[in-house]
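Top line first, the protein sequences correspond to chains A and B.
The first sequence begins at 15 in the working numbering and counts up one residue at a time.
The second sequence begins at 33 in the working numbering and counts up one residue at a time.
To be clear, the hints were calculated from the coordinates, so they are not data collected in a lab.
Take the hints with a grain of salt, since some may be wrong.
Claimed, not checked - Here are some, though not all, of the chain A residues that point toward chain B, as calculated from beta-carbon distances under 10 Å:
#1 P43
#2 N79
#3 E117
#4 N166
#5 S169
#6 K308
These numbers were taken from a predicted model, which means no experiment stands behind them.
Virtual Cβ for every residue (Gly too), placed ideally from N, Cα, C.
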Amino acid sequence: MLIRVLLFIFISLSLFADEYEFDIAEVEPDPYEYSGYLRVDDKVQHLAQSERTYQNYLHLEALFNFNYFYDIFRFKTSIMATKDSIKDKLSESNFPINELYVEAKINMNHSILIGKESLQWGKGYFFNPVAFFDRNKDPLQPTQTREGLILNKYSYNKSFNSNLKNLSFDIVYLYASEFINKDYYNLVTRQENSNNIAIRLYLLLYDTDIDFIYNYSDVVKDKIGIDFSKNIKTNFEIHGEFAKEIDEDYSYILGIRYLTDFELTIISEYLYKSGGLNKEEIKTSTSILPFIAKDYAITLITQKEPFNWLYFSAYFKNMINLQDFSQQNKIGFGYIFKNNIDIDLSYNVNSGSTFSEFGKKQVSDFIWLRMTWNF
Amino acid sequence: MKILILLITLSLALIAENILETIDRKLTPVSAQMYKKLINIEPDGSKKEFTLFQAKKDKDKMVSLFLSPDSEKGRATLRVGDNMWLYIPNVGRPIRITSMQSVVGGVFNNSDIMKLDFSTEYSVEKQEQKEDFILLNLKAKKDTVSYDKLIMQVNKKTLTPIQIECYTSTQMLIKTLYYKKLTNFGDNIIRPAVVETMSPMYKGYKSIMIYGKILLKNFPDEAFTLDALANTSDLRR
């Protein structure tokens, strides 16, 4: 009888439990954290050579991030596995270690990091000319996770109660050889062993983010960089980057981010590279590298939750080569489900004259479905 | 006589500003850490929950970190005065965002989640003693503030808000916030633990913010910087 009464009381209490319940035990911090995702990208591609030729491009991707905290130390690793396949044409797997480092926070002002890190310098959304110690961003997928480089970094960070609200300072040392930072060795330092140092000074001055960067190398010419970002209104941000190799070429971007009161976000950037190709050079170029022209404009327009459809967004993206006026247009939508799965479906079209950058792409148009499960 | 009127007006203005600062201190200490839960409830009754860690210091510094759901885990937002940045793990350096932007979808926007002290952003235009509450008409000090005007009902006894109506500069009602469930969080922090939000722009939708824990904690200024944003999780330890 007593058990029945207790059971009744328990059930009653459960039924009338406070709808505002918050179990604080569930948020107590652990000494470790993990996160990641499993992702499938499927592209149904229409080939330019024939009206009726299609191929299916499948990309599988898994990412696992792990952080462990001990006293002043943070151990971080981010590992990835990918598989790309096109029936009878391509089957390729990769297992990059994106990040693997130990960071010691000596106090709130000083910290030291040793290992592989993705620094991700710069303020641009699609391009980052000042990211001297990073792999190139892919403007087609600017939010894609990127593999870092092996480096040593000392950082200083200090806040003030003045128009200069914050100052931070990084010194980064990167050694490149056939065995360490091989991509940097191949692409930047002309396959010569090299010692490279970058110094970055960041200021939050008059509510403007400003970075000054100097990159020294004992093999290639030094580089300088500057970038900025500022909200000129609460819903209107402007940013820019300028990078120059001493006595050589320079590049810069200028960009905006604008939000309307009905949650339409416009991100637009202009990129100029003094060493890029002009219209005639693009025609004869056999380079397989993307974005080889002198200048581009990229615009992404996203409407969040149109018609008040919660967790839904629709977008349009335009990338235009301003030398030959070829372009890629993309229209799509995204939806975030309540079970940590999100999908993105888009239709993409390359267009332009026969020998233009986007016009001579093997794929004329494609439907792209991306599905991600986050954990 | 003119001087006397001027003095009385000035005194009344000072008292009015003081009440706003008192409300601020009743709601959150000057420097503290908090755990919050956001719940979006759709017209069909289905829910989506978000858990947040927040650290604040002084009148204008705040940082938030999403702890759940997994699709948002690790997202961090930093506010220093009018400056606001968003960090998304795996994506890159923090980017500047606007206070009106919605971080997680639903009725709450950045400025609701990253709200600074009322006295930092608003001044009291009018104060009235009603039978059951004090009525305050608040006006934004700058046009950079998300809501141009607030009409706040304040509990006479506890000096905490009961209800706040948020208006644009064109007098359009954007949302109404209801403060509920007065709770003792310790350290003399007694405040409503629940803020319910409804908006005529999202008919049938409701968002609830629940305060789970508020602790007095003094953070260094450097905890509220761009370089520290990716490591906001360190502040919990």
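Hints versus structure:
| no. | hint | verdict |
| --- | --- | --- |
| 1 | P43 | holds (4 Å) |
| 2 | N79 | holds (7 Å) |
| 3 | E117 | holds (8 Å) |
| 4 | N166 | violated (17 Å) |
| 5 | S169 | holds (7 Å) |
| 6 | K308 | violated (25 Å) |
Figure legend: structure checked against the earlier numbered hints; hints not met, in rising order: 4, 6.
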